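Starting from the known structure of chain A, arrange chain B on it as the hints suggest.
Protein sequence lines, in the order shown, are assigned to chains A and B.
So the number in this note's numbering is just where the residue sits in the first sequence, counting from 1, plus 239.
So the number in this note's numbering is just where the residue sits in the second sequence, counting from 1, plus 27.
Think of the hints as simulated: they come from the structure by calculation, not from any bench.
From a predicted model like this one, the values you see are computed outputs, not experimental measurements.
The C-beta atom is built at its ideal place from N, Cα and C for all residues, glycine as well.
Some hints here could point you the wrong way.
Just a sample of chain B residues kept apart from chain A, beta carbon distances all over 12 Å, derived [what the hints assert, rightly or not]:
no.: 1; residue: Ala41
no.: 2; residue: Gly122
no.: 3; residue: Ser146
no.: 4; residue: Tyr170
no.: 5; residue: Asp171
no.: 6; residue: Ala175
no.: 7; residue: Arg178
no.: 8; residue: Gly181
Per the computed footprint, the stretches of chain A lying under chain B, defined by three or more beta-carbons under 8 Å from a beta-carbon of chain B, are [what the hints assert, rightly or not]:
no.: 9; region: 247-261
no.: 10; region: 276-285
no.: 11; region: 485-492
In the DSS-like style, the derived pairs of lysine-lysine whose C-alpha atoms are separated by at most 25 Å in a straight line are [unchecked claim]:
no.: 12; chain 1: A; residue 1: Lys393; chain 2: B; residue 2: Lys69
no.: 13; chain 1: A; residue 1: Lys485; chain 2: B; residue 2: Lys69
no.: 14; chain 1: A; residue 1: Lys332; chain 2: B; residue 2: Lys69
no.: 15; chain 1: A; residue 1: Lys485; chain 2: B; residue 2: Lys168
no.: 16; chain 1: A; residue 1: Lys573; chain 2: A; residue 2: Lys533
no.: 17; chain 1: A; residue 1: Lys332; chain 2: A; residue 2: Lys485
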Amino acid sequence: MLRLHPFRYHRPTTVDEAVALLAQHGPDAMPIAGGTDLMPNMKHRLFTPGHVVSINGIDAMRGIGFVDGQGNEGNGSRPGRWLRIGALVTLAKVARHPTVRRRFPALADAAGLVAGPQLRNMGTIGGNVCLDTRCTYYNQTEFWRRALGCCLKKDGDTCHVTKVGKKCVAAHSADTPPNLVALGAKLVLVGPSGSRQIDAADFFVTDGIWNTRRAPNELLTELLLPVPPDSDPTRRSAYRKLRQRKSIDFPLLSVAVAGDFDENGTLERIVGVVSALGARPRVLTGWNEMAAGKRLETGLVERLAERAWEQCRPLENMIVEAEWRRAMVRVYVKRALEGLTRA
Amino acid sequence: MQVVRLRVNGDERACGVPAHYTLLETLRYGLGLTGSKQGCDKGDCGACTVILDGRAVLSCLTLAREAEGRELRTVEGLAIGTEPHPVQDQFDLAGAAQCGFCTPGILCSSVALLERNPSPSREEVRAALAGNLCRCTGYEKIYDAVEAAARKMGQ
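The shape of chain B in the complex, shown without the other chains:
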């Protein structure tokens, strides 16, 4: 057991987990942040995507200790105050979530994209989300929602 100190969604959090815990396990079972999903657990599906120092990464393949001293954001931290993030809002309006299991990861990939590229082309949206699988196959509405969010955020 060791104490891992993480800066998650702006909060300083510490919790005791074994050295072999992944960041995903630490978030879910150490800190109770169960928004990031445990899908394939081996880097294929993207359901565990979080934003580390501004970039979308997979928390299932990141050791918890590797996130120490870095800026970590999860789906729980995307909302702005009491308002949903514009991407979350547009996912709701576009019906971009069906079963919802892939949604937290896709939201994180989308927000990381829009923060680097405020007005992405359809192709750039598709490329940025190419590491997130949706088995309800609702990709078109997801791309629509990201593009709509980009327009809203640009206004």
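The following block holds chain A by itself, in its conformation from the complex:
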């Protein structure tokens, strides 16, 4: 039995009300949507906010639909056509939504691979983007953590993974963000000073303690995915996830890829993102130089996988061997790239 700590429950019905509540109570308030991340974390006493602000009554944060570029919104223009996904849309809905399936199959697959069916019925895509990082020494009960003297991320001053480091290496463990990065998505955040947009690629930072640029008093309200024109080039995407069981588990390694192909099957542009190893999704470097202007054939797939492997050095922050996870980088990058050619 894991009891929650006492707190006050708030249920605003607009973004403005929610942001005002978060501002009013400062660090003593946290937003909750599906609760699939925050609830177990509160049960483990990783967070003990005095005020829990439920955002489930905010209808403006629901829905999936196309929006046209609106010129100057937030801090940048966004010409073209975008698919808007409200942050409160459940992962189950993202996984089966026909437009997401057709336009962004990797994102739909990723949403459908999160945890198990009940958790996807509850968990939201906004919550998945803002998921707390995970580590063997962090996601434990308070009793367990205290027995070991706690860790850098919560209540302690030692990292039990690196033993010596003063930087938290808890792993970014969400399935949808690597795809949002690969697909060039933007995120809309609303805080006390208004609304701002940030590229998904710039949203995450290399700090396991707090790995996003979302301020604690900001709400992620919606996601915007650039919709490629129907004409060439064709954008394809794929996602592969390593875990011990086919359900429930968080990723031990995840690979998202997206490529623009011309009518002859020649790559114009390719993006690869690896995650679940460190605190942020890692955009692989050197891929475009190797792949642009070429067809995605076996030799190129092998070279891209090798290039990915060189850039990934997992630590023992999960309860499996780091060397195995590293060896699987080659395998999963290949599988993801093969998914592109089949798409």
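Chain B only, in chain A's frame:
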């Protein structure tokens, strides 16, 4: 303390619980509905699965207040009048329960599946039950029972 009003298995129920009570704690300790089981209590095992607005969710990770104004069904409400639900009947006939601790959650996941998809494939049954752990490892009979129930309900 606050009053939480729930529509459980068609009944309007109200009970006083603290704001930090989960839906599972409210069902079990506030309303005496102990069919939903408290297993891992952190979203891994599925023993606390209930049906909220037609979808299987985990009551251990849902705050009681989040279920207000919604249609909630628990294992206690699956029977149709005095007859067991066809899924319950087939679980009995197939021997799909051993120790029985995971059964209420699996029944709820199964009923939620069949209400959306009356004739699921084996693969769809497996996928729908992938969030419910059975440590007696009796999955094959469970899948058989769900498929048999689908056939019965389709007749």
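Going down the list of hints, with the structure as the test:
Consistency note on Ala41/B: stated as away from chain A, and its beta-carbon is indeed over 12 Å from all of that chain's, at 17 Å minimum. Distance check for Gly122/B against chain A: the nearest CB is about 24 Å away, which clears 12 Å, and the non-interface claim stands. Every CB of chain A is more than 12 Å from the CB of Ser146/B (nearest about 18 Å), matching its label as outside the interface. Once the 12 Å rule is applied to beta carbons, Tyr170/B is consistent with being away from chain A; the minimum gap is 14 Å.
No Cβ of chain A comes within 12 Å of the Cβ of Asp171/B; the nearest lies about 20 Å off, and the non-interface call holds. Ala175/B, annotated as away from the interface, keeps every beta carbon of chain A farther than 12 Å; the closest lies near 21 Å. A cut-off of 12 Å between C-beta atoms confirms that Arg178/B is not in contact with chain A; the least separation is 22 Å. In this structure Gly181/B is separated from chain A by more than 12 Å, as the shortest Cβ-Cβ distance comes to about 22 Å.
Chain B is given as covering the region 247-261 of chain A, and this holds because 3 residues of the stretch bring a CB closer than 8 Å to a CB of that chain, at least three being needed. A count of 4 residues in the region 276-285 of chain A with a Cβ less than 8 Å from any Cβ of chain B is obtained; the coverage claim is therefore met, three being the minimum. As drawn, the region 485-492 of chain A meets chain B at 3 residues by the rule of a beta-carbon pair under 8 Å; at three or more, the given contact holds. For the suggested pair Lys393/A and Lys69/B, the alpha carbons sit about 19 Å apart, so the restraint of at most 25 Å is met.
About 19 Å separates the Cα atoms of Lys485/A and Lys69/B, which keeps this hinted pair within 25 Å; it holds. Distance hint between Lys332/A and Lys69/B is fulfilled; the C-alpha atoms sit about 23 Å from each other, no more than 25 Å. At roughly 20 Å between alpha-carbon atoms, Lys485/A and Lys168/B fall within 25 Å of each other, so this suggested pair holds. About 16 Å separates the Cα atoms of Lys573/A and Lys533/A, which keeps this hinted pair within 25 Å; it holds.
Using a Cα cut-off of 25 Å, the hinted pair Lys332/A and Lys485/A holds, with the two alpha carbons roughly 20 Å apart.
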